[in-house]
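Start from the sequences, fold in the hints, and give me the full structure.
Spelled out, the chains give:
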Amino acid sequence: MTEAQIIDVLTGILRDLIGDDGIVLRPATERRDVPGWDSFAYINFIVGAEMAFGVKFSVADVESFANVGEIAAKVRALQG
Amino acid sequence: MNWLPPVADFRAELQAARALADTPLRQARLVALAGCRLNTVETIQLDRELARLAADAAAAPRPVKLALLADATVDHLLPAIRVAGWRHGLTLQLHVGGFGQWRAEILDPASALHAFEPDFVLLAPGAHAAAAGVALTADEAQAQQACDAIVDELGAAWARLRQGRATVVLQQNLLDTGAPLFGQFDALLPGSPAALVARLNARLAVACREAGVSLLDLARAAARDGRDAWFDRGRWLQAKMAIAPQAATRYADLLVRLVAAHRGRARKCLVLDLDNTLWGGVVGDDGIAGLRLGQGSAVGEAHLALQQYAKALAGRGILLAVCSKNDPALAESVFREHPEMALRRDDIAAFVANWDDKAANLQRIAGMLNIGLDSLVFVDDNPAERARIRASLPAVAVPELPPDPAGYVDCIAEAGYFEAVSFTDEDRARSRYYAAASQRAELQGGAQSMDEFLRGLDMVVRHGPVGALELERATQLVNKTNQFNTTTRRLSAHEVRRYADGPHTLALQFRLLDRLGDNGLVSVVLLRDRAEDGVALDIDLWVMSCRVFGRGFEHEILNILAETARRRGAAELRADFVPSERNGVIAGLFEQLGFQPIGDNGAASRWRLTLADHRPHPTHIRHETGP
Chain A
1 MTEAQIIDVL TGILRDLIGD DGIVLRPATE RRDVPGWDSF AYINFIVGAE MAFGVKFSVA
61 DVESFANVGE IAAKVRALQG
Chain B
1001 MNWLPPVADF RAELQAARAL ADTPLRQARL VALAGCRLNT VETIQLDREL ARLAADAAAA
1061 PRPVKLALLA DATVDHLLPA IRVAGWRHGL TLQLHVGGFG QWRAEILDPA SALHAFEPDF
1121 VLLAPGAHAA AAGVALTADE AQAQQACDAI VDELGAAWAR LRQGRATVVL QQNLLDTGAP
1181 LFGQFDALLP GSPAALVARL NARLAVACRE AGVSLLDLAR AAARDGRDAW FDRGRWLQAK
1241 MAIAPQAATR YADLLVRLVA AHRGRARKCL VLDLDNTLWG GVVGDDGIAG LRLGQGSAVG
1301 EAHLALQQYA KALAGRGILL AVCSKNDPAL AESVFREHPE MALRRDDIAA FVANWDDKAA
1361 NLQRIAGMLN IGLDSLVFVD DNPAERARIR ASLPAVAVPE LPPDPAGYVD CIAEAGYFEA
1421 VSFTDEDRAR SRYYAAASQR AELQGGAQSM DEFLRGLDMV VRHGPVGALE LERATQLVNK
1481 TNQFNTTTRR LSAHEVRRYA DGPHTLALQF RLLDRLGDNG LVSVVLLRDR AEDGVALDID
1541 LWVMSCRVFG RGFEHEILNI LAETARRRGA AELRADFVPS ERNGVIAGLF EQLGFQPIGD
1601 NGAASRWRLT LADHRPHPTH IRHETGP
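Chains as they are written, first to last, in my numbering: chain A, 1 to 80; chain B, 1001 to 1627.
These aren't lab readings, by the way, just hints derived from the structure by calculation. Remember, it's a predicted structure, so these values are computed and weren't measured experimentally. For each residue, glycine too, the CB sits at the ideal point set by N, CA and C. It is possible that some hints are incorrect.
[To be verified] Below, computed lysine to aspartate or glutamate pairings styled on DMTMM-like, alpha-carbon distance capped at 25 Å:
(1) B:K1240 <-> A:D38
(2) A:K56 <-> B:D1228
(3) B:K1325 <-> B:E1337
(4) B:K1325 <-> B:E1385
(5) A:K74 <-> B:D1228
(6) B:K1240 <-> A:D61
(7) B:K1240 <-> A:E30
(8) A:K56 <-> B:D1075
(9) B:K1240 <-> A:E50
(10) B:K1065 <-> B:E1049
(11) B:K1065 <-> B:D1217
(12) B:K1325 <-> B:E1400
(13) A:K56 <-> B:D1232
(14) B:K1325 <-> B:D1285
(15) A:K56 <-> B:D1225
(16) A:K74 <-> B:D1232
[Said to hold, decoys possible] Each pair of labels, with its calculated beta carbon distance range:
(17) B:G1098 <-> A:R76: 35 to 45 Å
(18) B:A1156 <-> A:E3: 52 to 62 Å
(19) A:G80 <-> B:A1110: 56 to 66 Å
(20) A:L78 <-> B:D1075: 21 to 31 Å
(21) A:D8 <-> B:A1229: 28 to 38 Å
(22) A:A60 <-> B:P1024: 44 to 54 Å
(23) B:Q1184 <-> A:G19: 44 to 54 Å
[As the list claims (entries may be wrong)] So these bits of chain B aren't anywhere near chain A, every CB distance computed over 12 Å:
(24) A1016
(25) P1063
(26) L1136
(27) R1160
(28) L1181
(29) A1221
(30) D1346
(31) A1395
(32) A1406
(33) S1422
(34) R1566
(35) E1581
Laid out in structure tokens, this is it:
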């Protein structure tokens, strides 16, 4: 999957979780840029992403992702 | 959750439901989705949509209030719990206690917990509690003492929660999340963390039984699914989630089926298809000798296992019915003639085999047994029949049987349709009651008139106050009865006992016997003295089992109530009738019994019977005062 495809899927997950179809994620998007993307929604988002891509992030990853681009890069790396 | 049907395109289904302008239609569509197999993200979406619906619906049923008190984060479980509520016919309102704060909240009468006035409280202690302060060198007695202390503390919390309230307490047991220390030797060492968790869980089950608390048996679920399906150490470290998000739907269903069982929402009847469900093959094509059933083939044993499971369910009070597209004589002959059949014809309380539509037949079965469609579980190997019933009779539970008959029993059993919170003599005898009921039906067919039939039954009522021996059955009847239920108030055993013990209240129980047998304890009436406008006796609640409908029993009970009221010096009997979704069958009860209406506020009507004017109703039931 390309970075753009992965971010598309991530966008869908976050829209579903927060209930806002206006959300647009870009590689540089951070959690604080998206209203409602609190720490609780973040864990749900991580769970949703793990399910969607069939991957498992390490606790270090989850703690240190700075933006959407880093999450997408990790998904690509884990998918090999 | 494999008993729930999958959804092909959840997003499209949700869109379609959302587009419906009509609230009841939208609700039906969304609730149907709540009955499907959903992942975490889908569950959160559906919960949000259902919450909007609850805000729209003016006449939504009163929500059931459930408080969750845990030593861990539970917020991620809430959407799944609410969705499970819809699946089980309940609107849940949830309260989450402060993280690890429940001991203080229970003690503090001014806490948010008490202000919430919960109907149900779940206590979910952390597994770390078990081993705290116990040395590895502890012997058997010390380990037991440590567990007793924890259970005593919980017991005090239960008592406190129930003090002065009808709160039902649900106690979660411990999930062993610890790592092996010695290895398999852990189990042999009383002071090892693993042994302490096992001991505490065993002790907890006993304490729950003794105190009438229901157990949320997480340990058993984890033993079945594997600990890793339930616990994700990463999530614990990240967010102190003791239940992994992936387990939320399963956890929620286990929890809510307990609540539903307390609210009389557990299913009552297992309806079985025959060909390729109860036996392998099609009897009309293959003949009795050609069926695969019983020893000698794995397929035959799988179908036999389903029969044996059904028989075991019947033994604990679940009704069995047959609903099959078949020639009735041929279908019945398999029960009589096939040597490997575990189920006999008289195990089946309602037997319907014909070529009619199964939806119509399920309605017929519900009618024959005098139970609601929402008491039925319909088991059929044919996906088309299942889809048809789900679409036309959404109240009926339809497990998504796997294609392999080897999985039938687990699929039905894991769905928890028949979750129980007690096991009474009535349950043990239920199948006998229904066998007698079908004989009565034959008798009725042979009688010239209803009057002659009733006279011929030689009925006797035995009644008295609800004592210690009747308390469990009386409570069960109060909470399971949906049709003949004047106010649908649900009460704990504690509360029923308060009616029995109080100086200004009465709890009466009624048994009906006839020449075909004892129908058991089939009616309970809770009464309260009322001093205003002269002295009256108020019927707070009256429930009667559908087993004895149509026998004039309610008239005889009223005669007894009138006599009781007179003896207490009352001039009137009064009663409320609160309509529910399911008690329409007695909407005219008080009018038929001669009461006068004295008010109706839409949500409830109030009735009065002046005893001076009342003459006993003639019935065919003789009296006998209970021991």
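Results for each hint:
{"no.": "1", "hint": "B:K1240 <-> A:D38", "verdict": "holds (16 Å)"}
{"no.": "2", "hint": "A:K56 <-> B:D1228", "verdict": "holds (14 Å)"}
{"no.": "3", "hint": "B:K1325 <-> B:E1337", "verdict": "holds (19 Å)"}
{"no.": "4", "hint": "B:K1325 <-> B:E1385", "verdict": "holds (11 Å)"}
{"no.": "5", "hint": "A:K74 <-> B:D1228", "verdict": "holds (23 Å)"}
{"no.": "6", "hint": "B:K1240 <-> A:D61", "verdict": "holds (17 Å)"}
{"no.": "7", "hint": "B:K1240 <-> A:E30", "verdict": "holds (24 Å)"}
{"no.": "8", "hint": "A:K56 <-> B:D1075", "verdict": "holds (22 Å)"}
{"no.": "9", "hint": "B:K1240 <-> A:E50", "verdict": "holds (19 Å)"}
{"no.": "10", "hint": "B:K1065 <-> B:E1049", "verdict": "holds (20 Å)"}
{"no.": "11", "hint": "B:K1065 <-> B:D1217", "verdict": "holds (21 Å)"}
{"no.": "12", "hint": "B:K1325 <-> B:E1400", "verdict": "holds (19 Å)"}
{"no.": "13", "hint": "A:K56 <-> B:D1232", "verdict": "holds (11 Å)"}
{"no.": "14", "hint": "B:K1325 <-> B:D1285", "verdict": "holds (13 Å)"}
{"no.": "15", "hint": "A:K56 <-> B:D1225", "verdict": "holds (20 Å)"}
{"no.": "16", "hint": "A:K74 <-> B:D1232", "verdict": "holds (20 Å)"}
{"no.": "17", "hint": "B:G1098 <-> A:R76: 35 to 45 Å", "verdict": "holds (41 Å)"}
{"no.": "18", "hint": "B:A1156 <-> A:E3: 52 to 62 Å", "verdict": "holds (57 Å)"}
{"no.": "19", "hint": "A:G80 <-> B:A1110: 56 to 66 Å", "verdict": "holds (57 Å)"}
{"no.": "20", "hint": "A:L78 <-> B:D1075: 21 to 31 Å", "verdict": "holds (27 Å)"}
{"no.": "21", "hint": "A:D8 <-> B:A1229: 28 to 38 Å", "verdict": "holds (30 Å)"}
{"no.": "22", "hint": "A:A60 <-> B:P1024: 44 to 54 Å", "verdict": "holds (50 Å)"}
{"no.": "23", "hint": "B:Q1184 <-> A:G19: 44 to 54 Å", "verdict": "holds (49 Å)"}
{"no.": "24", "hint": "A1016", "verdict": "holds (16 Å)"}
{"no.": "25", "hint": "P1063", "verdict": "holds (22 Å)"}
{"no.": "26", "hint": "L1136", "verdict": "holds (29 Å)"}
{"no.": "27", "hint": "R1160", "verdict": "holds (30 Å)"}
{"no.": "28", "hint": "L1181", "verdict": "holds (23 Å)"}
{"no.": "29", "hint": "A1221", "verdict": "holds (20 Å)"}
{"no.": "30", "hint": "D1346", "verdict": "holds (49 Å)"}
{"no.": "31", "hint": "A1395", "verdict": "holds (29 Å)"}
{"no.": "32", "hint": "A1406", "verdict": "holds (28 Å)"}
{"no.": "33", "hint": "S1422", "verdict": "holds (37 Å)"}
{"no.": "34", "hint": "R1566", "verdict": "holds (62 Å)"}
{"no.": "35", "hint": "E1581", "verdict": "holds (30 Å)"}
Checked against the numbered hints above, the structure breaks none of them.
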